[in-house]
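Asker: Each chain is listed here by its residues.
There are 4 protein chains.
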Amino acid sequence: MARYEPCDPDFADRIAGSFARQSFMATIGASLRRVEPGRVEIVLPWRDDLTQQHGFFHGGVVGTLADNAGGYAAFTLFPADASVLTVEFKLNLLAPARGRRLLAVSKVARPGRTLTVCQSDVFGLEGRRRNYCATALVTLMCLPGKPDTPEMADGQVPVVA
Amino acid sequence: MARYEPCDPDFADRIAGSFARQSFMATIGASLRRVEPGRVEIVLPWRDDLTQQHGFFHGGVVGTLADNAGGYAAFTLFPADASVLTVEFKLNLLAPARGRRLLAVSKVARPGRTLTVCQSDVFGLEGRRRNYCATALVTLMCLPGKPDTPEMADGQVPVVA
Amino acid sequence: MARYEPCDPDFADRIAGSFARQSFMATIGASLRRVEPGRVEIVLPWRDDLTQQHGFFHGGVVGTLADNAGGYAAFTLFPADASVLTVEFKLNLLAPARGRRLLAVSKVARPGRTLTVCQSDVFGLEGRRRNYCATALVTLMCLPGKPDTPEMADGQVPVVA
Amino acid sequence: MARYEPCDPDFADRIAGSFARQSFMATIGASLRRVEPGRVEIVLPWRDDLTQQHGFFHGGVVGTLADNAGGYAAFTLFPADASVLTVEFKLNLLAPARGRRLLAVSKVARPGRTLTVCQSDVFGLEGRRRNYCATALVTLMCLPGKPDTPEMADGQVPVVA
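Heads up: the sequence lines are chains A, B, C and D, in that order. First residue of the first sequence? That's -11 in this note's numbering, and the numbers climb one at a time after it. First residue of the second sequence? That's -11 in this note's numbering, and the numbers climb one at a time after it. First residue of the third sequence? That's -11 in this note's numbering, and the numbers climb one at a time after it. First residue of the fourth sequence? That's -11 in this note's numbering, and the numbers climb one at a time after it.
It is worth saying that the hints were derived from the structure and are not from the lab. All values reported here derive from a predicted model rather than from experimental measurement. Accuracy of the hints is not assured; some may be wrong.
Pairs involving identical chains hold if they fit within one copy or between any two copies, as the list cannot separate such chains.
What the hints assert, rightly or not - Computed cross-link-like contacts, SDA-like style, restricted to lysine to any residue with a CA-CA straight-line distance of at most 20 Å:
1. Lys95 with Ala14
2. Lys95 with Arg116
3. Lys134 with Gly100
4. Lys95 with Phe111
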């Protein structure tokens, strides 16, 4: 894996703050596990209310983690005053998402000034077993000069355009 | 749009039952709106706990609706004793997912004995305005002889394989 | 379908010139059929040397048309001094690509200053029959100030970054 | 990377034969470089007639190699009497595809009885430099009982259905 040099030394704090402002992460019980330049992990304990009709994690939950881990992996390399937007993501579900926890690991495949591409993998964790349940490609956009703060929602709206 | 003939006349009940067993749909507050052969709509009222850091619906929520609407659009055409699995989906986020409600509309683009492909669009609804916020392609697999019932989770596990 | 107003009135000439400079289009025998604001068609007559092992058009040929039609559909709406780059594309092959000709039709789903998303469909044409064989989503990037001319290859290189 | 056991010991010959029957590979000048269980490499020397308007390899050529390498990587693990079909593929173009040769490397991420998912990477080779220019996810379908031979085109047609 390539090694990246973040341009903002406080990237980890910046990401923790942004993650904390995503209310949907609290709703599903997800948390950041590791944040390194170009690489982010998110974990999510199993809950009965996150499942599909067969009792596994819902595919939408799996996709949410793959997307979000990709967004923050890209965000580690962005300047301090920038926002991140998901342009698109594509996900293959490889096996039922079972286990006591889900783990999403995303790595930057290609950093860019405007667009960054990340590869995300999602695993179901059951004791020491890692069940490889999804892989994704995520394209992120950097919006410089638009800090990722609550005030943005009023007035300065980020738009993919 | 092509017109499809469902092979199970009770497809609407079958889908309502399956949807009701997806606990994650209740968790986020989503409900089925229209169910027709080869076409399904899902709606989701805005809630503060479904958002990302800028106060819009989280991309993972948008993806969840696009995926799920595709799954059930395919499911309308499946035999009564079959389960549906998402093989993969790919989503472009076109605009911030804002509005009082999200609406996902999915249509079967190509039905098949094993694989069915659906096109999903997601809109933010604000009064009479429809804000086109995402489009997706979803590939679904039909698992004949594996009814979509709670018993499946014990023992007979559907696997994409 | 949405109606679009091109910002460059000479968009059709600009696209014809760019298409003519893509040597790969001549290699496979593809040509532009219709060029309208936000919509482009490309056709390709069947040739024995464009096939896969079963005698149908190769999936790579199908993907090439879907991608290229998307690129030029977006390009119709770009300013006169801009280049277009494919950021990513995703393609579902729906049926064997058979017929005497392939037709790719692409429409802009969402125009943007930086990114534009197109939906492409590919059909095999056999007499009056249209065989729907692929559907794709294509994400394009606009590079303003970098005209799409042969000189670009020397020196000023467009990069997705 | 996972290690795979092919069920057909003659997989390499089977793939060489199938590749040789894809006339489009000869048209663009592509050849197999390495074929191992669950992993395939394809190379393609630069030619002026494979380019887009800026003189780089056309994105459709890059996609063709990523798709085809994925198809044959999956095919290494299929039974001797089966055919392979691309269900869908999705590709991020990461950098201009420049270099004297293109190299596509694809690995099986998840083998399955019906569906197999591969990850493909494409590099431009210039002397000893490897320019990472694309990454893709490819979903393949196994059609058992339908040998990959010329006779198939008449009569027994493989269909994704």
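Asker: Could you run down the list of hints and mark each one as holding or not?
Answerer: Hint-by-hint comparison with the structure:
1. Lys95 with Ala14: neither (23 Å within a copy, 32 Å between copies)
2. Lys95 with Arg116: neither (22 Å within a copy, 25 Å between copies)
3. Lys134 with Gly100: Intra 17 Å, inter 18 Å, cutoff 20 Å: intra and inter.
4. Lys95 with Phe111: both (15 Å within a copy, 18 Å between copies)
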